[in-house]
Every structure is written in C-alpha cells, then in structure tokens.
Amino acid sequence: MRWRRLFCGHIIILALGICAYGAPDPNKAGGAKKEPGTVSAPPAAQEPAPKSQQQIQQEIERIDGEVARALRIAEGSGLGDTKLLIAGDAAVGYVDPEDGSSTFTAEFNPMLLWQLNERLFFEGELELALEGPDLNGEGSETEAELDLAYLSYTLNDYALVSAGKFSVPFTAYHNHLDPSWINRLPTDPLVYGDGGIAPDTGVGTFITGAIPCRRALLNYAVFVTNGPALITEDPESAGSLNFDNFNDLNNNKALGFRIGYLPIPQLEVGYSFEFSRPNPPGFQTVHSTIHGVDLNYLAHIGAVQGQVTARGAWIWSNLSDATYDPTGLLGFGPLRFNNDRNGGYAEVAYRPTDAGERWLRNLEFALRYDRLEIPSAAPGGGTQRQWTPGIDYWLTARTVLKAAYAFGESGDVPDMFALQFATGF
Amino acid sequence: MMLGDSNHRIFAWLAVIVAILGSIIAGCSTTDSVSGLGPRDSSLRAPADPPGDPNSSSAGVESGQKVFAAAGCAGCHTTDGKGGLAGPDLSNEANKGRTREWLATKIRNPKADNPQSIMPANATLSDDQVNGLVDYLLSLKAASAPTGATAAGAVQGRPTVSTVSSAVTAGGTMWSHRCGQCHNLRPPSEYSDAQWAVALHHMRIRVPLTGREQRDILSFLQASN
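Chains as they are written, first to last, in this note's numbering: chain E, 58 to 482; chain R, 19 to 243.
Be a bit skeptical, because a hint or two may be false.
[To be verified] Which residues of chain E face chain R? A few of them, derived with a C-beta cut under 7 Å, are:
1) 172
2) 209
3) 232
4) 235
5) 265
6) 266
7) 267
8) 386
9) 454
[To be verified] With a Cα cut of at most 25 Å, we get these calculated SDA-like pairs of lysine to any residue:
10) R/114 to E/413
11) R/129 to E/480
12) R/129 to E/417
13) R/100 to R/128
14) R/124 to E/410
15) R/129 to E/411
16) R/100 to E/270
17) R/129 to E/270
18) R/100 to E/358
Hint data in this document are derived by calculation from the structure and do not stem from the laboratory. From a predicted model like this one, the values you see are computed outputs, not experimental measurements. Idealized CB from N, CA, C, for every residue including glycine.
So here's chain E without its partners, still in its complex pose:
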C-alpha cells in the first residue's frame, strides 16, 4: 500500500510539472502566440498583486541570506583572518647647540603591524634617520636599523608571550613615550638618549599582561634578553653599557621585569629591574644591576581649564668594580672607579583644552628637568643637569610643531635650541 501511494504521488507531481512546463508564461512576450486581430491586455492587468506582509518578510530574509552568502565568499577570497596596518611616525627637525654647528635632522620610523589571527601578532619597525654632527661638531651619519621585529602570541586575557627584537619594558619611556609625535619635547631625556643608562631594545623573549585588582589595574612584563655589552676599550666611554648590543657576549642572559600599578586609569606608577653580566670575553666578570621607577599621570583640572600631564622616572645603575685597560696598552689605563650611574627626569605639560579659542586649545606648554650622574673618575664623568621648557602647537591630534630651548646647567651639557615637526600615522 505504501509503495502504491508513493507511486501515485510521483505520477501526480510529474503530471503537474509537465502541465506547468507546457503552459504559456504570461510574463514572457513570446510565451503565448498572438492570434491575428487580438489585442494585448493592458499593462496594468499584468502587474502582480501587492505582496503580503509575510511575503515581504520572506523576501527580506532571502535577501539577507544572499548578502550573508556574498560576505562569506568575499571573506573567503581574502587573506583569512590576516589584518595588516602600517603605522609609525616621522619627524623633521632643526637643532642649534651653543657649542656646535646647527643642523637639520630627519627621521622616519615605519611600523608594520600584522595580526595573523586573533592570537598571533607580528610587529616590525624600521628606524631610518639622518643625523647631523654631534654636539662637538663631529661626524654625521645615516642610521638605518631594524628597531623592532617580534612575534606575539596571546595566551589568555591576562598574558601574552612574545619573542624577537622588542622594546625592553624597563620603565615606561621607550615602550610608550618616545615616538616623536608622543614626546612633548623635541629631545629625549638624558637618561634615555645617547649615553643614557636605561635599556632600549633587546633580542629575547618576554611575557606581559595586565590583571584587574578591584578598581585598580596591575600590569607586568618579565623579559630575558641577550643583554647589554660593557664597553671596555673605548677611552671615551669605558665603563658604560652599550644597549644597542644584540649578541650574547658570554652566554649569560639579562633578566628583568617591570610592574606597573594603576590605582586609577589616569595614573600609573611602575618599578623596573634588570640584572645582567655584560662583560665581554677575556674581561673580568662584571655584574650589572639596574633599578628604575616611573610615573605617568594625566588629569583634567578645571581650575586651570585644561589638561595636565606629569611624567617622570629615576634610574639607578650599578656595575661591579673593574679595572679598564689594566696594562695601559690602550693609553687610558689602568682605570678603576666606583661605577654607579643614576639619573632621571621629571616633565610637566599643560594644554588649555577648555579654552574658547581654538588656537589656544591647540597650544601645549612643557617643562622637563633632566639629571644624569656619572662617576667623576669615569670617562665623560660628572653630573649633567638640564632644564628644557618648550611649546607645542598641535595641528591635528597626531601632528605637532615643537620648539624648545634646553638650558644646560653643567659644562658637559650645552644650551641648545631645537625645533621639530612630527607626525604619527
């Protein structure tokens, strides 16, 4: 019985299909042959009946489905989850030191950000710079460097692990504040510039993340790098650390960490530490211990109708005692000194963001105090102090024209006028 019912059903469906196929299509001009002398029905008679609400809904659902299918096809023909972004910063400048030649400068730091998927991320950055003579009027150079190249993997909401060449998370400056469109002044603080005492970039691996702590936030970074190199043979800088060293000199890695604490989102205080053995092969064993504290605060203060930024850091660097050029063959030894180097900066910036006039809102005033203490017996030793007031004009949120005058308060730091036009992209 069942088979018979099925058979009959199929026959009926087949018959209906044949009828439908053979029937003239009223919507086609040639669907029905016109008999001579007949008159076509008026067009109005061929218009379909108004669609019901249900039909409209079905039509919308059908269109939604087609759009979704088209989107899937479009996404499938792309690069999967890969997302690329080119960012970075560029700056041109002019510096006029009191005791040297004035010069123009230019730098371009393109950054390739590549999100391979939700967890994998690559960052690469080039540093291209033209630098004029130094403060002593000596030399000029074109600098091209692979500044950053690291791969990062997101473990969970609170931890990421990365490896490659990265900005060492030692205090906040290099990681956050030194791009030219972020730094309020045209120059770096002394402790982070050439001859500074803070780690810059390194090759190795690090784990970083942030953890909510009630209303506060705790962030951390633990890193292992090849470490800095102790300069032992240069009579002008023996005893200082070269942080641009990317090879492990003695199979001892540098270990360090930074802990940041944000009691409120606008305030961060941090503590950093790094331990390493930076002596080159053949030189006596030297241990390096560096501590650092940093602060970054942003506030909108109604009383001054504007935004105030306060930043600062202090770094203590200690290297165990060593004798440089012990035989005197290099011409400056034997030289032995207590190798403690300390320094820091404090910076305040104010922008009248509530001012009625637009040009006034775009102004920002900055003042920085720098201090760097190098043992007096060491090459280039002494205490350097510097005050740098500056004024910025923000053309856009990420394009700024900066002017500053640095007042050196010691003989080793000359006065200097600096202009810079910087943009982030």
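Following the hints, put chain R in place on chain E, whose structure we already have.
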C-alpha cells in the same frame, strides 16, 4: 647597591613610597572613585526634576539620559565629575550659554563648530533622541550650579544600559584615560574596524591591556568610526 648621592636616594625612595601609598589608598578605596574600569551607570544619574531649561521636560531628560548612556557619550565626556577625558566636561553647558540649537548641531555634526574635532558624528540619532540629549545636558546645569538643585534628588537605579552599550561606554572611558594618558586621541573615523582591531592588538602588547580592555575599547572605536 651604591647609589651615589644619598640625598637623591632618600628623595627618590620617599617619592616612591608616597606614590605607592597613595596608589594603594586610592585603588583600594571602596568609595565610588573615577576608575573607568567598569560600567559607569552611576555617573549617568540626573536630577529628577531639572528646572534648568524652560523648554526641557522630565521625560526628555530621562530619554536623553538613556541616549547618553547607550551612545557611549560618557566614554569621552565628564558629567558630574565622572566620565572620560577625551572630550570637554559637559556638566555645565547651560552656564556656558549654549543654546538648544547649538547643542543639537554639535551632537549631529561636531565638525561644524570645530573641523579638528575628533568627536564622531551622530547622524543616526532621531530628532527626539537629539532633543532628549539636549534636555539632559541643559538639565545638568541645575545639578552643577552651587545654588541649584543637588544630586540628592538623583534618580536611583536608572537607566539600565544594555551589555553592549556598557562595553562601548566602558571602552570609551578607557580609551580616553588609558590611551590619552600617553598621546592625543586620533579620531575614530581614521581607521576601519579591521584597522582598529590591529591597532588595539598592538597596544595591548605595548601598554599592556587586559583582553577585556582591548575588547571594550575596540567596541567603542568600532561603534564610533
């Protein structure tokens, strides 16, 4: 460790200790401090019967308050001492002489007044929603004026903001505080959704942010571009 100058050592350690103590006190306080790390519903309370503007109504104020919350305005703007820092404080618009027309235009097209404004346009808001927002902003005059109505009349427990808009609002606040702590905020419209996703992943590594902060800020930026 030898520290060279003992005066600097003492000064530096004192500064650290003061900073840490201050941080702990501020961070562990149970009072409603401006944290910005969570939904900010408490900052969205308004006087029950604002008398500030004769053209406003209680219904309009309430409606505007809800729109203010749902659209994530508190992410960038401070009201009653709480909210984001990316935009100006909106607690005192009436006392600044703002007219209804000026505010409505500013809400719809922020660049009409200031071409450099980073505030996203709110072209999708209806006239009623914009009017409600204007009512709400003008009503804050009473709350902030020294001799006017106080927050004692604040309406408790409203409005209820959806999870999505809470994330957007929280993300906006975090964007203004965390990102604005180091640099100026570029207009959200400068990047597409995909570009913001990459930028936020990058900043999560650099800052660093939690995964939730990353998602909330991304929600805000993708809702605002």
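Going through the hints against the structure:
At about 5 Å, the closest approach between the beta carbon of residue 172 of chain E and any beta carbon in chain R falls short of 7 Å, and the interface hint on this residue holds. The restraint placing residue 209 of chain E at the interface with chain R holds, with a minimum CB-CB distance near 5 Å, inside the 7 Å limit. With a cut of 7 Å, the hint placing residue 232 of chain E at the interface with chain R holds, because the nearest CB-to-CB distance is about 6 Å. The beta carbon of residue 235 of chain E comes no nearer than 10 Å to any beta carbon in chain R, farther than 7 Å, and the hint placing it at the interface is violated.
For the restraint placing residue 265 of chain E at the interface with chain R, the shortest Cβ-Cβ distance is roughly 5 Å, inside the 7 Å limit, so the hint holds. About 6 Å separates the beta-carbon of residue 266 of chain E from the nearest beta-carbon of chain R, less than 7 Å, and the hint is met. Given hint, residue 267 of chain E at the interface with chain R, holds; its Cβ is 5 Å from that chain's nearest Cβ, closer than 7 Å. Checking residue 386 of chain E against chain R by beta carbon gives a least distance of about 29 Å; that is not within 7 Å, so the hint is violated.
Interface hint status for residue 454 of chain E: upheld, as the beta-carbon distance to the closest one in chain R is roughly 4 Å, under 7 Å. Distance restraint check for residue 114 of chain R and residue 413 of chain E: the Cα-Cα separation of roughly 10 Å lies within the 25 Å cut-off, and the hinted pair is therefore satisfied. With a CA separation close to 21 Å, the supplied pair residue 129 of chain R and residue 480 of chain E stays within the 25 Å bound. This hinted pair checks out: residue 129 of chain R and residue 417 of chain E have alpha carbons roughly 18 Å apart, not beyond 25 Å.
Straight-line distance between C-alpha atoms of residue 100 of chain R and residue 128 of chain R comes to about 22 Å, which keeps the hinted pair within the 25 Å bound. Using a Cα cut-off of 25 Å, the hinted pair residue 124 of chain R and residue 410 of chain E holds, with the two alpha carbons roughly 17 Å apart. For the proposed pair residue 129 of chain R and residue 411 of chain E, the alpha carbon gap of about 17 Å is at most 25 Å, so the pair holds. Taken as a hint, the residue 100 of chain R and residue 270 of chain E pair is honoured in the structure, with Cα atoms around 20 Å apart against an allowance of 25 Å.
Taking the CA atoms of residue 129 of chain R and residue 270 of chain E, the gap is near 39 Å; set against the 25 Å cutoff, the hint is violated. Distance restraint check for residue 100 of chain R and residue 358 of chain E: the Cα-Cα separation of roughly 13 Å lies within the 25 Å cut-off, and the hinted pair is therefore satisfied.
When the structure is compared with the earlier hints, violations turn up for hints 4, 8 and 17 and for no others.
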